[in-house]
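Chain by chain, the residues:
Protein chains: 2
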Amino acid sequence: MPDNRERAVDFLETRRDGNIELLREFLALPSVSTETEHRGDIDRTAYWLKERLIALGASDAAVYPTAGMPVVCGTIEAAGNKSVTLLVYGHYDVQPVDPLDLWESDPFSGKISGDHLFARGASDMKGQIIAVLAAIEAAQQNGGLPINIRFLLEGEEEIGSPNLKEFIRTHGDLLRADCCLNPDAGMIAPDRPSICYALRGLAYFELRVQGPAMDLHSGIFGGAVHNPAQVLCDLLSGMHDTAGRVTLPGFYDDVAGLGAEERSELARLGMDDRYFLQQTGVPALWGEEGYTALERTGARPTLEINGLLSGFTGTGSKTVLPAEAMAKISMRLVPNQDPKEMRSKLERYIEARVPKTVTWQLDQFAAGPPVFSERTSKENRAFAKALETVWGVPPIFKREGGSIPVATYLSELLGMPSVLTGFGLPEDHIHSPNERLHLPTWHRGTKAVAHFFYNLS
Amino acid sequence: MPDNRERAVDFLETRRDGNIELLREFLALPSVSTETEHRGDIDRTAYWLKERLIALGASDAAVYPTAGMPVVCGTIEAAGNKSVTLLVYGHYDVQPVDPLDLWESDPFSGKISGDHLFARGASDMKGQIIAVLAAIEAAQQNGGLPINIRFLLEGEEEIGSPNLKEFIRTHGDLLRADCCLNPDAGMIAPDRPSICYALRGLAYFELRVQGPAMDLHSGIFGGAVHNPAQVLCDLLSGMHDTAGRVTLPGFYDDVAGLGAEERSELARLGMDDRYFLQQTGVPALWGEEGYTALERTGARPTLEINGLLSGFTGTGSKTVLPAEAMAKISMRLVPNQDPKEMRSKLERYIEARVPKTVTWQLDQFAAGPPVFSERTSKENRAFAKALETVWGVPPIFKREGGSIPVATYLSELLGMPSVLTGFGLPEDHIHSPNERLHLPTWHRGTKAVAHFFYNLS
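Residue numbers (this note's numbering), protein chains in the order written: chain A, 73 to 529; chain B, 73 to 529.
Think of the hints as simulated: they come from the structure by calculation, not from any bench. The reader is advised that the hints may include incorrect statements.
Which copy is meant is left open, because identical chains are indistinguishable; a pair holds if it fits in one copy or across any two.
[As the list claims (entries may be wrong)] Lysine-lysine pairs mimicking DSS-like chemistry, simulated, CA-CA at most 30 Å apart: (1) K390 <-> K417; (2) K412 <-> K390; (3) K417 <-> K237; (4) K390 <-> K237; (5) K183 <-> K417; (6) K412 <-> K457; (7) K237 <-> K450; (8) K154 <-> K457; (9) K428 <-> K154.
Remember, it's a predicted structure, so these values are computed and weren't measured experimentally.
Starting from the given sequences, assemble the full structure and let the hints guide the process.
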C-alpha cells in the first residue's frame, strides 16, 4: 500500500490540469508593482492569495498593509509544536508588460502552447508560488501535511522590496520558522536542478573629492590646482593591483577560503570563460589571479566603480577645471566579511593616500552581509534529496554573485536560513515579452516540493 | 609749439565727456550674443559701429554676414602704402545680464557714479573699443593719423567666436596689416599697466573606454569583467607622475624653456601662492615641481581632466557595471608644442597601456597652437613705451594660461602678431551684475592708444 508521500505525488499527477487552471487565475491578475495604475490590482491579488491560504487551512491568513504594497501572511498549524516549521517566501507582484506589441498573446491570458504557458509572472514567480500551494494541497489530501507552514508573500520584489526589511523586523512572531523555502532562484536547465547556497553581500559608497570652491577655467588655473577628477582617478586606480586584487588594507582578512571539493562542484556548473564572454560581450575576461570567472563572481569579494561624474560631460568641449569629482563604489562581500567594517577599511585607504590639496567625503548607501548556508544543512539536504528523487540526478549547488534581499533580511533579523531554489529556467524570458513557464519542469517542481515536506519532517 | 602727438593727447582731455557719451550710446544697445531675442540688437549694434567707422573716414566700412553674428570691417587709409597698418580687433557683443535683480542700475543705462560707469559691456569690451575710436579721432583732428588702420569687430566673442576663424580665412585681404591691437586682455591694477605676450594653446580630447556590450549587474558579473571606469581611471591616473609632470612620452620635447630674466619679470606680477589660493579656494596648491604657480599656468604645458562620466550618477545606489566610461581631457600648450602632434603622443600613451579587456576611442575637439610674441617686438615696444609715458611706470609683461581665439587665428592664418592689452581691471565684474568701467583708467587708456599710434609710425 502506498504511503502518504507516494499518494501525494500521485495526487499531483491527477491534479496537474487543475493546478494549471489555478495558476492561470493568479496570472490573470495584473499585479504590476511598478505602475501606479495597477495599485488596485495589487490589492486584489493580495486578497486572492489570502483566500487561497485560508482554503489551505491558514485560518489566520491576512493582508498586512505596509508603506507600499501589502504583505500576505498566514500559518498552517498542521504538525504540532515539535515539528519543523517552514516559511514559504514568494512575491506576487510582476514586472510591467511593455513593450506590449512584442507579446504574441495577451500577457494576462495564460495561453498554453505545447509545453509552455505564456504570461507575465508565469515563471517569475506566480508559477513557483502555485507549485508550493499545489504540494501543500497534495499532502493535506493524502494523510496531512507533515510539517507546519507559514507564508511571507510580498508585493514589492520587482521594485526592490523597499518595505520588506521593516516588515520582517516588526513581524518576527508571524514569521518564526526553522527555515525558509525561496523558490525565486531558478535552475540552470530542465535537466539540471540546482540549489544556491551562497549570495554575496553588498557595501555601496559614494566618494566625493572637492578641490576649488567653484569650477575654474582650465586655461587660467590648470597646472596650479590639483584637479579633483585626477585625485579621484588616482584613488580609484590604486584600489586594484596588477593581479586584479583589491588593495584596501585588510580587504581579504575575513574571507572564507574555497576548498578543492567546492571548486570542483562549482566547475560542474559548466559556466566557463566562453559562457562569460558570450553573456557580456567583452573582448577578454579579467579578474583576480588564481580563480575562474565563476569563482570570482560567486566566491570572491570584489570592488567595482558603479559610476563616475565630474565637470563637463556634454557634447564637444568646455575647458573647465572641475570643483568636484564623484564616484559610486561598491563591494561584493563573501563570508565572513562584515559590510560595516568595509567602510572603515575604505576610509583608512583614502586617508592614507589622499593629498592635502583636496577635501573628501564618503557616504554609504547599502550594507548587506553575505548569505551562506552549508550545502550539508538539514534543509539543503532535504531539498537536494527531493530534487534527486524527481529528476534522477543530484542537484548542482551553486553560488551567486548578486544578492536576494529577503534572504539577507531573514538571515540578519531572524537568523533563518533559506533554501534558494526554484523551477524557472534561463530561457523563460522573465522581465521580457512572452514570459513563459516550462510546464513539465514546473510539474516536476510541484512533486519535488512535496518530497521536500516529507524529507524535512 | 606742441607737436601733433601732444595736441592729440590734449584733445582727448577736452573730449573726455564727449567720449563717455559716445560710449553710453554704444552701451545702450543690448547686443547680447547668447540670447536669440537680441538678434535684432546685434544687427543694430553692427550698423551703429559701421557708421562710426565711416565717420572716422573708413569709406569702405561694411557689415559682413557670417553663419552667426555679423562682422564689421573697414579701412582708414591715412598714411600711405609705406606706413604701418594696424588692425584693431574688438567684439561688440556682450554677456547676458542675468540675474537682473542683482544690478543696482539698469544694465544698459550707463549710469555714472563716482569714478565708475556701470553697464553690461562697459569694461568687456565696448569701453575698450571706444578708447581706440577716441584716440583715432584725436589724431585725425590734430594733424592726421600717422598710420593706417583697419578694423575687425566681431559679434560672437562671448559665445566662443564660432565663425571668426572662417571669416579671417576668407577675408585675408580686408584684414592684412602689420600687427593687431587687441585691447580685450585687461590690466592688473589701475597703477599697473600690462601687456600679455604669451597665451597657451589648446588640444582637447574625448576618450571613451568600452567594456561589456551593455551595462551589467555588478553582482552577477563583478570580478569577471574589467570595469571600463576602472580602466579609464588607470589610464588617467598614469598621465601624471608624483612630481606633477605629465608622463606622456615626448610631452615636453618641444617646450621652450623659461630664462632667469623672464622668470624675474613674471615674479614682478605679484601673483604669488596666496593670490592663487584666494582665487581658487583650494586647501593647498599643486603642480609641476620647480615652478611657481604663475609659471605653471602661464609658461608650462599642462594636462587636465575636464569631465568624467560613467555608469550610474544619480542619487543613491544602483549596482551597475558600466558598459562605457568617458573622459574629457585637454592639454594647454606652450611654444613650440604642436597641438596636432599631441594627439599622437596621447594615442601612443594609451596604446602602450590599455589592456586587451576593453576597446577605446579618442576624438579631438580643439587644436589651437600657443601664441607668443617677443617682448622686444616693434609693436610690443611701441605699446610699452605708450603705457610708460601715460602711467609713469613701465608695463608688466605677462603670460596667460588661457587662449584668445582671435590671436591664435591671426597668427595661424595671417602670420600677424597681436598686442594683447587693455584697460579693464580685475574688479570690473565682467560677466557679472554691476559690470563697471573705471573711468580714470579708461581715460588714461585713450591717451596711451594715441601714443601707440605715434610710436608705431
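- Message: Reference check for the pair K390 and K417, CA-CA at most 30 Å: within, between, both, or neither?
- Response: Between copies only: 22 Å across chains, 36 Å inside a chain, cut-off 30 Å.
- Task: Could you figure out if K390 and K237 sit no more than 30 Å apart (CA to CA) within one copy, between two copies, both or neither?
- Result: Between. Shortest inter-copy distance 18 Å satisfies the 30 Å Cα cut-off; intra-copy 45 Å does not.
- Task: Evaluate K412 and K390 at a C-alpha cut-off of 30 Å and name the case that applies: within, between, both or neither.
- Result: between (40 Å within a copy, 19 Å between copies)
- Message: I want to check one pair: K183 and K417. Are their C-alpha atoms no more than 30 Å apart within a copy, between two copies, both, or neither?
- Response: neither (53 Å within a copy, 61 Å between copies)
- Pop the pair K428 and K154 into one bin, within, between, both or neither, using alpha-carbon distances up to 30 Å. Answer is neither; intra-copy 64 Å and inter-copy 60 Å both fail.
- Between copies, within a copy, both or neither: which fits K412 and K457 at Cα up to 30 Å? neither (37 Å within a copy, 69 Å between copies)
- Same-copy or cross-copy closeness of K237 to K450 [CA-CA at most 30 Å]: within (26 Å within a copy, 79 Å between copies)
- Under a CA distance limit of 30 Å, which applies to K154 and K457: within one copy, between copies, both, or neither? within (23 Å within a copy, 105 Å between copies)
- Item | Identical-chain pair category, K417 with K237, by Cα at 30 Å | Classified as within: same-chain Cα gap 26 Å, cross-chain 54 Å, threshold 30 Å.
Of the numbered hints given earlier, the model fails hints 5, 6, 9; all others are met.
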